[in-house]
Amino acid sequence: MKKIMNDPENIVPEMVAGLVQAYPQHLKQLPDTEALVRHDEASMAGKVGVISGGGSGHEPAHAGFVGPGMLSAAVAGQVFTSPTPDQIYAAIKAADHGKGVFMIIKNYSGDVMNFDMAKDLAEMDDIAVKSIVVDDDIAVENSTFTQGRRGVAGTIFMHKVIGAAADQGASLDELATLAQKVKPNIKTIAVALSGATVPEVGKPGFILADDEIEYGVGIHGEPGYRKEKMQPANALASELLNRLKAEFHYQAGDHFALLVNGMGATPLMEQYVFTHNVMDQLAADKVNIDFTKVGNNLTSLDMAGVSLTLFKLADSKWLQALQYPVDTIAWTQK
Amino acid sequence: MKKIMNDPENIVPEMVAGLVQAYPQHLKQLPDTEALVRHDEASMAGKVGVISGGGSGHEPAHAGFVGPGMLSAAVAGQVFTSPTPDQIYAAIKAADHGKGVFMIIKNYSGDVMNFDMAKDLAEMDDIAVKSIVVDDDIAVENSTFTQGRRGVAGTIFMHKVIGAAADQGASLDELATLAQKVKPNIKTIAVALSGATVPEVGKPGFILADDEIEYGVGIHGEPGYRKEKMQPANALASELLNRLKAEFHYQAGDHFALLVNGMGATPLMEQYVFTHNVMDQLAADKVNIDFTKVGNNLTSLDMAGVSLTLFKLADSKWLQALQYPVDTIAWTQK
Amino acid sequence: MALTLENTLNWLHGFDQVIEAKKAYLSQLDTPIGDGDHGNNLARGAAAIEAALEKNKPTDLTAALKTIAMALVSKVGGASGALYGTAFLEMAKTSQKTQALPDLLAAGLAGIQKRGSATTGEKTMVDVWAPVVTAAQAGELDQAVVDQAVQATKEMQATKGRASYVGEKSVGHLDPGAVSSGYLFTELLKTGVDK
Amino acid sequence: MALTLENTLNWLHGFDQVIEAKKAYLSQLDTPIGDGDHGNNLARGAAAIEAALEKNKPTDLTAALKTIAMALVSKVGGASGALYGTAFLEMAKTSQKTQALPDLLAAGLAGIQKRGSATTGEKTMVDVWAPVVTAAQAGELDQAVVDQAVQATKEMQATKGRASYVGEKSVGHLDPGAVSSGYLFTELLKTGVDK
Ligand SMILES: Nc1ncnc2c1ncn2[C@@H]1O[C@H](COP(=O)(O)OP(=O)(O)O)[C@@H](O)[C@H]1O
Ligand SMILES: Nc1ncnc2c1ncn2[C@@H]1O[C@H](COP(=O)(O)OP(=O)(O)O)[C@@H](O)[C@H]1O
Ligand SMILES: [Mg+2]
Ligand SMILES: [Mg+2]
Ligand SMILES: [Mg+2]
Ligand SMILES: [Mg+2]
Numbered sequence: 001m002k003k004i005m006n007d008p009e010n011i012v013p014e015m016v017a018g019l020v021q022a023y024p025q026h027l028k029q030l031p032d033t034e035a036l037v038r039h040d041e042a043s044m045a046g047k048v049g050v051i052s053g054g055g056s057g058h059e060p061a062h063a064g065f066v067g068p069g070m071l072s073a074a075v076a077g078q079v080f081t082s083p084t085p086d087q088i089y090a091a092i093k094a095a096d097h098g099k100g101v102f103m104i105i106k107n108y109s110g111d112v113m114n115f116d117m118a119k120d121l122a123e124m125d126d127i128a129v130k131s132i133v134v135d136d137d138i139a140v141e142n143s144t145f146t147q148g149r150r151g152v153a154g155t156i157f158m159h160k161v162i163g164a165a166a167d168q169g170a171s172l173d174e175l176a177t178l179a180q181k182v183k184p185n186i187k188t189i190a191v192a193l194s195g196a197t198v199p200e201v202g203k204p205g206f207i208l209a210d211d212e213i214e215y216g217v218g219i220h221g222e223p224g225y226r227k228e229k230m231q232p233a234n235a236l237a238s239e240l241l242n243r244l245k246a247e248f249h250y251q252a253g254d255h256f257a258l259l260v261n262g263m264g265a266t267p268l269m270e271q272y273v274f275t276h277n278v279m280d281q282l283a284a285d286k287v288n289i290d291f292t293k294v295g296n297n298l299t300s301l302d303m304a305g306v307s308l309t310l311f312k313l314a315d316s317k318w319l320q321a322l323q324y325p326v327d328t329i330a331w332t333q334k
Numbered sequence: 001m002k003k004i005m006n007d008p009e010n011i012v013p014e015m016v017a018g019l020v021q022a023y024p025q026h027l028k029q030l031p032d033t034e035a036l037v038r039h040d041e042a043s044m045a046g047k048v049g050v051i052s053g054g055g056s057g058h059e060p061a062h063a064g065f066v067g068p069g070m071l072s073a074a075v076a077g078q079v080f081t082s083p084t085p086d087q088i089y090a091a092i093k094a095a096d097h098g099k100g101v102f103m104i105i106k107n108y109s110g111d112v113m114n115f116d117m118a119k120d121l122a123e124m125d126d127i128a129v130k131s132i133v134v135d136d137d138i139a140v141e142n143s144t145f146t147q148g149r150r151g152v153a154g155t156i157f158m159h160k161v162i163g164a165a166a167d168q169g170a171s172l173d174e175l176a177t178l179a180q181k182v183k184p185n186i187k188t189i190a191v192a193l194s195g196a197t198v199p200e201v202g203k204p205g206f207i208l209a210d211d212e213i214e215y216g217v218g219i220h221g222e223p224g225y226r227k228e229k230m231q232p233a234n235a236l237a238s239e240l241l242n243r244l245k246a247e248f249h250y251q252a253g254d255h256f257a258l259l260v261n262g263m264g265a266t267p268l269m270e271q272y273v274f275t276h277n278v279m280d281q282l283a284a285d286k287v288n289i290d291f292t293k294v295g296n297n298l299t300s301l302d303m304a305g306v307s308l309t310l311f312k313l314a315d316s317k318w319l320q321a322l323q324y325p326v327d328t329i330a331w332t333q334k
Numbered sequence: 001m002a003l004t005l006e007n008t009l010n011w012l013h014g015f016d017q018v019i020e021a022k023k024a025y026l027s028q029l030d031t032p033i034g035d036g037d038h039g040n041n042l043a044r045g046a047a048a049i050e051a052a053l054e055k056n057k058p059t060d061l062t063a064a065l066k067t068i069a070m071a072l073v074s075k076v077g078g079a080s081g082a083l084y085g086t087a088f089l090e091m092a093k094t095s096q097k098t099q100a101l102p103d104l105l106a107a108g109l110a111g112i113q114k115r116g117s118a119t120t121g122e123k124t125m126v127d128v129w130a131p132v133v134t135a136a137q138a139g140e141l142d143q144a145v146v147d148q149a150v151q152a153t154k155e156m157q158a159t160k161g162r163a164s165y166v167g168e169k170s171v172g173h174l175d176p177g178a179v180s181s182g183y184l185f186t187e188l189l190k191t192g193v194d195k
Numbered sequence: 001m002a003l004t005l006e007n008t009l010n011w012l013h014g015f016d017q018v019i020e021a022k023k024a025y026l027s028q029l030d031t032p033i034g035d036g037d038h039g040n041n042l043a044r045g046a047a048a049i050e051a052a053l054e055k056n057k058p059t060d061l062t063a064a065l066k067t068i069a070m071a072l073v074s075k076v077g078g079a080s081g082a083l084y085g086t087a088f089l090e091m092a093k094t095s096q097k098t099q100a101l102p103d104l105l106a107a108g109l110a111g112i113q114k115r116g117s118a119t120t121g122e123k124t125m126v127d128v129w130a131p132v133v134t135a136a137q138a139g140e141l142d143q144a145v146v147d148q149a150v151q152a153t154k155e156m157q158a159t160k161g162r163a164s165y166v167g168e169k170s171v172g173h174l175d176p177g178a179v180s181s182g183y184l185f186t187e188l189l190k191t192g193v194d195k
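Chains as they are written, first to last, in UniProt numbering: chain A, 1 to 334; chain B, 1 to 334; chain C, 1 to 195; chain D, 1 to 195.
Errors might be hidden in some of the hints.
[Unchecked claim] Here chain B is said to cover these stretches of chain D; the calculated rule only asks that three of the stretch's residues, wherever they fall, bring their Cβ under 8 Å from a Cβ of chain B:
#, stretch
1, 36–44
2, 66–78
3, 82–88
4, 165–171
[Claimed, not checked] List time: in silico DSBU-like cross-link candidates among lysine-lysine, alpha-carbon distance up to 30 Å:
#, chain 1, residue 1, chain 2, residue 2
5, B, 293, B, 28
6, B, 334, A, 28
7, B, 93, A, 334
8, C, 169, A, 227
9, D, 169, B, 183
[To be verified] Derived contacts from chain A toward chain B, CB cut-off under 7 Å, selection only:
#, residue
10, 5
11, 17
12, 59
13, 269
14, 272
15, 275
16, 276
17, 294
Hint data in this document are derived by calculation from the structure and do not stem from the laboratory. Where a beta carbon is used, it is the ideal one built from N, C-alpha and C, also for glycine.
Sequences and hints are given; from them, build the entire structure.
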């Protein structure tokens, strides 16, 4: 393992320090935490705060999405490990401007439990907190025999839609209702070409052969649903789209937003080729893609691969929310 | 080699197709070329056109920097291979709105010769063309015994400064003068952790051992100045900063812009850690960093590593140019 | 069978040492069915417990358990941080009323179940805590109970926690949280509190 | 010693086949001292020449040379595209006045030097073109001249082109553009134009 780092135990604090040094116009670090809040205090006045976070290793998520029109604050846990309740609570306090705080959580037991504990702490201080648990990864069966589906890259669409609504003055209850409506319309599926190496572990979480890929891998290297020989981009696109089609039963004339997300080590060149194949296939099905985003948005350290998210724009306001102005490190739009 | 692609011979046209499908609001493809021009025609009216380009494999450069405030058009050659003069000429024609066209070229023989040929073609059609050849890579000795220094990631600062000036109405001559002034103030040096694999070649251009790095590698895998054992991020930062310091002889109170550029396979987490170490060391030298950008801006396919660019802000207008509004796929700023 | 300030400190010192020693093994157990961090997570917690006990120097059992809980809650992260943290927090609360080991462990288990809503048979640390509590309440807690409980998680299919995402493939692997809980109770027994 | 439509077509067909066959080798030569694409670059050009000659069916030498030049210019890219393209464009221009081989090759060389401003000894294709032109002008062009010129690039240190970035390390490697130029002249000789 070669990684640009110093002591692996300090990789998260050093990363957070780098973020704040590089982008003081966007972020402020809360004292004694790895929680980052918007530099622009005024943009939060009188609005519900929106926070998110989780383990580190998914950069630019989540701090890269903190700013006007999106998150109020983000909390960075250790690599692939939920942040602790005290840190989440610090973010809640910083994000609260009298209207309460909405938390966007990815469905992992650690995240759910630690954010829940933080909510308990906040409620003891009379801060109103509501939350949504995003579970967009269709690779995992959605049965009572699991913890439910995992929350992965589609979460950034939730950040964007909720962030836009909060910026426009939606109440905490309205955000909770909106999030519940949006949630079943965001679905994601990934393919991995290589495993990610957690700095403190020093070797990949899983190993694929030189000609092997794995469908359905999670953002911490959780196993997927099938390994097979490497396929052309076009075939990868078909496989992943077929899975999404089986979920959405999409039809000619349907409207979607599309996210092609690089897992960390896959160059943009490959992501654009993949996007091309995906969009051609969707066009053949006469599905409308009204919004597209391509790039490393919610990564898995140095994993090679991509994930594909479709967000069914069942309500035209959701497209407006995606197009709403935003000013963060990783997503800026006029 | 596992890459998300179809036929490697078609990787560039498929990538360009994906770009245009994903971002029609930013880019238009010129017929029968891999040249991309701003979607927003009106933003170019009455202004000097600014074009750039080069071999592909450096994404998001160069198409990712096409838009109001930056490039008018970009030309994508085959992977690591200069685009051909006919395609460059098509970009010149699309970028020309009566005030001429300024070309930003990276110092590689292929690029220089093909852009020169395109200029010959344009001048036969009475389009005024001027250009700058950026040579920011200090890894290579700047002697008469080489083709001069290579043009690498610092070029995007040139795109930004020239793009801002063009947008504010600078003439072709003014842009040429500005570019000449800016050029010696941009300097870059890289460290590679692994080599890049050209899709059609199928194996890495160079191979580093599991614990080995190479300083000074170029963006096409051109050899650097020293191989050694992997070092902590802090030591990498010192090595690269010492080289830059020896060039700039910077002193307490100097003002710089900073670019930390990922080579393609290096996660943002590592880039932020490296940024932190770099900025701490610059702060210790009491050097002011007035502008910072971190991320994959001018990559080398799937190479792991980073490059470090310092841009001496000898004229305060240059900082304003960096901060000037821009609206492209990869660099958006209000 | 009661916890005291002294045996609790011995207990946790022992646990912290084992965790540090078994850090790599625990993360390795977490690799096929999880995300490979359980050992690193707990090692951060173990170091934090040592530092906090050193710094706070608690003078009664409740203070000690609370110090331990807060160290876990604020340093471990992940599922196990919230779970172990809640367990020790509930034990601290209960210790104000009783110091009886079975009651304290039962309070810890209740905390884990409140936080994670897992029952037995779901291949989690609950599968170690629950039989240990039952045995302690019956006055029959010994190393065999602990070892059997840990081993039993091997053949279970996970339906809670990250391992549930692996589905059937979780069968055949020990649960990392069960193994670390096994260390916790092994160290408890070493203090002789059950004698 | 004159180029005709017929021997030029034979010449280029031969060249295109060799390039396709030697594509991997040429890229391999370009790896230690360049960016490993010279074979792929020229293979695109070779295919384009074949396609363009097939499509345009030129009926005189000038048209043939121009077709070849445009195919190279628009498909090869990189340094070699501009250089080979300019060489054939200059040969096309000159062929309107003379079809004598030495004059045409000299025009090609002049084009390469105008475009790339390299002289001999800089480890580029000029180090093959220049001795070939000299020999042709003296009526002494044969395979030995070509082979010697190519081999001589091995011990040179590059001061032009991408290989110049390697500095001293370029010594000991054949120059890829010199090798491909060697193929060009080898195929030229095979047409018997020198007889
Ligand atoms: N809902 C739950 N209830 C009880 N224990 C659980 C639950 N979810 C996870 N665990 C325990 O946590 C352990 C994993 O801890 P750890 O690896 O530190 O956290 P994470 O899964 O967040 O990476 C599992 O082995 C399991 O014993
Ligand atoms: N300035 C120059 N003058 C003459 N020949 C040159 C010059 N620069 C490069 N070359 C030739 O071009 C060859 C490299 O071609 P190629 O690999 O296709 O282009 P690139 O260097 O752009 O990748 C070199 O081996 C050399 O012979
Ligand atoms: Mg974890
Ligand atoms: Mg090249
Ligand atoms: Mg884990
Ligand atoms: Mg080359």
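Hint by hint, here is what the structure shows:
no., hint, in the structure
1, 36–44, "holds (count 5)"
2, 66–78, "holds (count 6)"
3, 82–88, "holds (count 4)"
4, 165–171, "holds (count 4)"
5, 293(B) with 28(B), "27 Å, holds"
6, 334(B) with 28(A), "20 Å, holds"
7, 93(B) with 334(A), "29 Å, holds"
8, 169(C) with 227(A), "14 Å, holds"
9, 169(D) with 183(B), "28 Å, holds"
10, 5, "5 Å, holds"
11, 17, "5 Å, holds"
12, 59, "4 Å, holds"
13, 269, "5 Å, holds"
14, 272, "4 Å, holds"
15, 275, "4 Å, holds"
16, 276, "3 Å, holds"
17, 294, "5 Å, holds"
Taken one by one, the earlier hints all hold for this structure without exception.
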